[in-house]
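Student: Residue numbers (the numbering used here), protein chains in the order written: chain Y, 1 to 417; chain S, 1 to 552.
Because the hints were derived from the structure by calculation, they are not lab data. Owing to the predicted nature of the structure, the values given are computational and were not obtained by experimental measurement. Glycine included, every Cβ here is placed at the ideal spot set by N, Cα and C. Hints are not guaranteed to be accurate.
[Claimed, not checked] In the EDC-like style, the derived pairs of lysine to aspartate or glutamate whose C-alpha atoms are separated by at most 16 Å in a straight line are:
no., chain 1, residue 1, chain 2, residue 2
1, Y, K54, S, E541
2, Y, K326, S, D279
3, S, K491, Y, D153
4, S, K250, S, D435
5, S, K494, Y, D153
6, S, K491, Y, D170
7, S, K491, Y, E167
8, S, K512, S, D337
9, Y, K51, S, E541
10, S, K372, S, D337
11, S, K512, Y, D349
12, Y, K326, S, E521
13, S, K512, Y, D353
14, Y, K352, S, E541
15, Y, K181, S, D435
16, S, K512, Y, E344
[What the hints assert, rightly or not] Only part of the chain Y face toward chain S is listed, based on derived beta-carbon distances under 10 Å:
no., residue
17, K51
18, K81
19, M114
20, L148
21, P152
22, D153
23, F154
24, V173
25, P174
26, E175
27, E177
28, S183
29, T184
30, M186
31, T189
32, Y351
[As the list claims (entries may be wrong)] Among the chain S residues that face chain Y by a calculated CB cut under 8 Å, a handful are:
no., residue
33, A252
34, L368
35, E441
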Amino acid sequence: MKYDSIIIGGGISGLVCGIKLLKAGKKVAIVSSGQSALHFNSGAIALFGRKDGKDVLHPLDEIARVPEGHPYAKLGMDTIKRLLPEVKPLFAEAGITLVGSDNENHYRLTPTGMFKPAWLSMLDYASVSRPDSLPWGKVAIINITGFLDFYPDFIARGLNLAGLQCEARDFTVPELETLRKSSTEMRATNIARFITGDVIRRFAAEVNRIVAETHADTVLMPAIIGLFDEEPVRLLKEQVVCPLYYVSTMPMSLCGMRAQMRLRNHFQHLGGAYLIGDTVCSGNFDGGRLKEISTVNLGDMTLEADRFVLATGSFFSHGLEATPNKVFEPIFNLDVNVSGPRVEWCDVDLYKDQQYMKFGVVTDESFHVYKDGSRIDNMQAIGAVAGGHDALKEESGGGVAILTALKVASDIINELK
Amino acid sequence: MSQENNRHYDVIVIGGGATGAGTARDCAMRGLKTLLVERFDFTAGATGRNHGLLHSGARYAVTDQESATECIKENMILRRIARHCVDDTGGLFVTLPEDDLEYQHNFVECCHKAGINAEPIDPKDAIRLEPAVNHDIIGAVKVPDGAIDPFRLTVANVVSARKDGADVLTYHEVIGFEREQNRITGVKLRDSKNGEITSRYADLVINAGGIWGHHIAELAGVRVNMFPAKGALLIFGHRVNNVVINRCRKPADADILVPGDTISLIGTTSSRIPYDQIDNMDVTQEEVDVLMREGTKIAPSLAYTRILRAYAGVRPLVASDNDPSGRSISRGIVCLDHATRDGLEGFITITGGKLMTYRLMAEWATDLACKKLGRDVKCRTAEIPLPGSELEAHEGGTVMTRPKAHIIDLSTDQKAAEERHGSLSAEIKYNTLADEAVVCECEQVSVGELKYAIDRLHCENLINLRRRTRLGMGTCQGELCACRAAGILVKANKCAERTLRDLSSFINERWKGMYPVSWGESLVEGQFMSWLYEGVCGLDEIALPEDKIDAK
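The following block holds chain Y by itself, in its conformation from the complex (with noise of 0.2 Å):
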């Protein structure tokens, strides 16, 4: 089978590649094992939100400042001033509504309740534009009873040190005690699955009563609802008599794995081939250039195209891997940048800056990766695989991931033009 471009790597960047090649009218498929780090996305992405253990309050300041080598730079400031206009609407046609603004951070409420720099919140989460005034008045944080992965308890100090007064309250509908009596049910995405239609309407009876009760003015639950569209988050909040805002649960994220499906639907929508649960096992390098690539389900067929993109992330989504003696790229062997041996790649500090985060594949200034030291003219890496940032540390990782898709995307359609 022949594309114009393959991806390989399903999650937030090669989604978002994916689908600005598709609306350029190329042709693209993309390879994905069906695993995406949006699936414990914390409701909100991150353009670049921390320097030196300090919130950043302009991203774009900090950004012009990046050292050599990070993905940043290689944008570089005007194309990250020309693609970041395109990331809402992206976003927006896929049904996915994104709250924020490019210029300045805002703070969003984690599910223990600090406040954290945010670029784009997802709609109706718990966000505001700074954390020492919180316009909420008093808060009634609202939890299903038996949920255990939201801590109305945590939320409450962060909201108390705030100087705001909360009161906590839970509870419960029939169709949910059916969930309760299994030992495991109670998790936030077969929660969301039962509330629709005419459930919601009783589910806003019951936090408008405990508003009535507690005189609340603002109400915070745990982001429980609306697992395939936003339209139950929306139905909610039209009942309920005042604004209503959700926290992030722990994982399963409910709007990370409603934003990945939103993709891949609007990807697949465009005409987009998704080849899902799939693993690219080997490729076929030629005079500098990958020809094909085999997967473990198509077996002998080969995927041919012009342009491949690597989207497969970090350690976590298995884009790098690590043995006792080296870190490598598993599909293809690609040239990967570690600093030292195994006794430098962590710090026994969990909090401490882990050098294994920036880990990635070598890439040149146009992202595009390098095999036994040779450049690879037809394939890019972008998003976490492609290193040389603290995702974690900097609160770059979203920025990166959908900035990196943008610009190669255009590479890429300039290129077959």
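Could you slot chain S onto chain Y? The hints should help.
Tutor: Below, chain S without anything else, positioned relative to chain Y:
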């Protein structure tokens, strides 16, 4: 000072390991008013940092007949009194092609001399018995080894001691002694949580502090020379073997593979460390490499089995009293009456020995205590089962009946709880649907079990809960359950600030064990852990290294 604090005890036992808890049990059972004090948590020291091997004694048969004989006797006793802590896996001593088969003959002979039922079998039968063993073995001997859970064992001793009236203080460190002339009359304690200093008084103080006993003796003004021997171990992500596999050779590094609950353990290395390093239990890359190199010889599949984590413990080696150089090490149990030895009344040290002989050590110490206090009461700890191991469930109820109205009688988590707590699991309440919800999916720990542990088993923090229930000990290493458990703990302690800090240090403690083996799946899990707790939650904000309230 409250009246309770002024209470005068017959005996204060220092140390919440197996020996201290066992001694407190023995003392309490013999009618002594007993206080057990521990500076951190039960099993925080060497007790919680070993193989969890129910030695048959075979390992010591060739080199140390006395230890071997003690081991097999205690082995048989523990099978009776601590049934719920013991997994009767059986054991094998295998000879590899690179080992000397001659050793086996002497080994079997020595085992028999010590009363250990060692039975040479055809290597082919050994492979059938334990398919994980290296198929190239040239010799095999069956022995009555097993696995023992030191966490459960220790807590069962504490529960027993408490039933017989003992008081228990965890997170209280002995920082000095009360004395009258040449007599110890009590201990000065510092509460690790609020720094408050109090004194408790007793006719007799028993030092059962393991390697830390060296320092405790120093505080009392006497010298007990102990040498810390560090041993590192690796935990594998699933139960690779069902039978304990030992290497049939003179004891050396990494020659025992023990199945324990859902995992397997290889160990240990052995290295002398300076005394000032006993609280620093980092596992080095070299130790990991040795354990892997030797471990894969016993069971080749370890090479491609996920390593969950690495950890290390310190055993106290005690210098013989008659050797002023301190180089001659006493191998067995050392029970010192400091009145006759040093002219210091009211102070006993019990040390040396091993997990297997904790009960015997307790018996010796309590015998001496009774003698000194003029009580003539016999030890019954070898006959009376520990709480959890009684043949009939207490309070008249049977273990199998639970108020669960639907589908199945006993869910997986309830069965797991019964495995963990034996007949004590009858005390776990499943009053509501909420109590039945599972918190830790890897190890099947329910809300009810956590509540029981918080109420009854001295749990202040998540690490305590882990030691009591196996929460966070499974393949996800607490990633998904630590937060849930914190949400339950905070309901009990009503302090969100403390519990959040606790959560952040619990996660860091899990990582500390993953760090020495941070490649492959461990690195994947580590990255996930970072994303979740630092990235999604923002817990790095609240992580203060000086905030530690437990040994890591």
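Student: Compare the structure with each hint and give your call.
Tutor: How the hints compare with the structure:
no.	hint	result
1	K54(Y) with E541(S)	10 Å, holds
2	K326(Y) with D279(S)	31 Å, violated
3	K491(S) with D153(Y)	8 Å, holds
4	K250(S) with D435(S)	50 Å, violated
5	K494(S) with D153(Y)	8 Å, holds
6	K491(S) with D170(Y)	14 Å, holds
7	K491(S) with E167(Y)	14 Å, holds
8	K512(S) with D337(S)	39 Å, violated
9	K51(Y) with E541(S)	14 Å, holds
10	K372(S) with D337(S)	9 Å, holds
11	K512(S) with D349(Y)	7 Å, holds
12	K326(Y) with E521(S)	14 Å, holds
13	K512(S) with D353(Y)	14 Å, holds
14	K352(Y) with E541(S)	11 Å, holds
15	K181(Y) with D435(S)	11 Å, holds
16	K512(S) with E344(Y)	15 Å, holds
17	K51	14 Å, violated
18	K81	26 Å, violated
19	M114	4 Å, holds
20	L148	4 Å, holds
21	P152	8 Å, holds
22	D153	5 Å, holds
23	F154	5 Å, holds
24	V173	14 Å, violated
25	P174	13 Å, violated
26	E175	14 Å, violated
27	E177	8 Å, holds
28	S183	4 Å, holds
29	T184	5 Å, holds
30	M186	6 Å, holds
31	T189	13 Å, violated
32	Y351	4 Å, holds
33	A252	22 Å, violated
34	L368	42 Å, violated
35	E441	6 Å, holds
Taken one by one, the earlier hints fail for this structure at numbers 2, 4, 8, 17, 18, 24, 25, 26, 31, 33 and 34, listed in ascending order.
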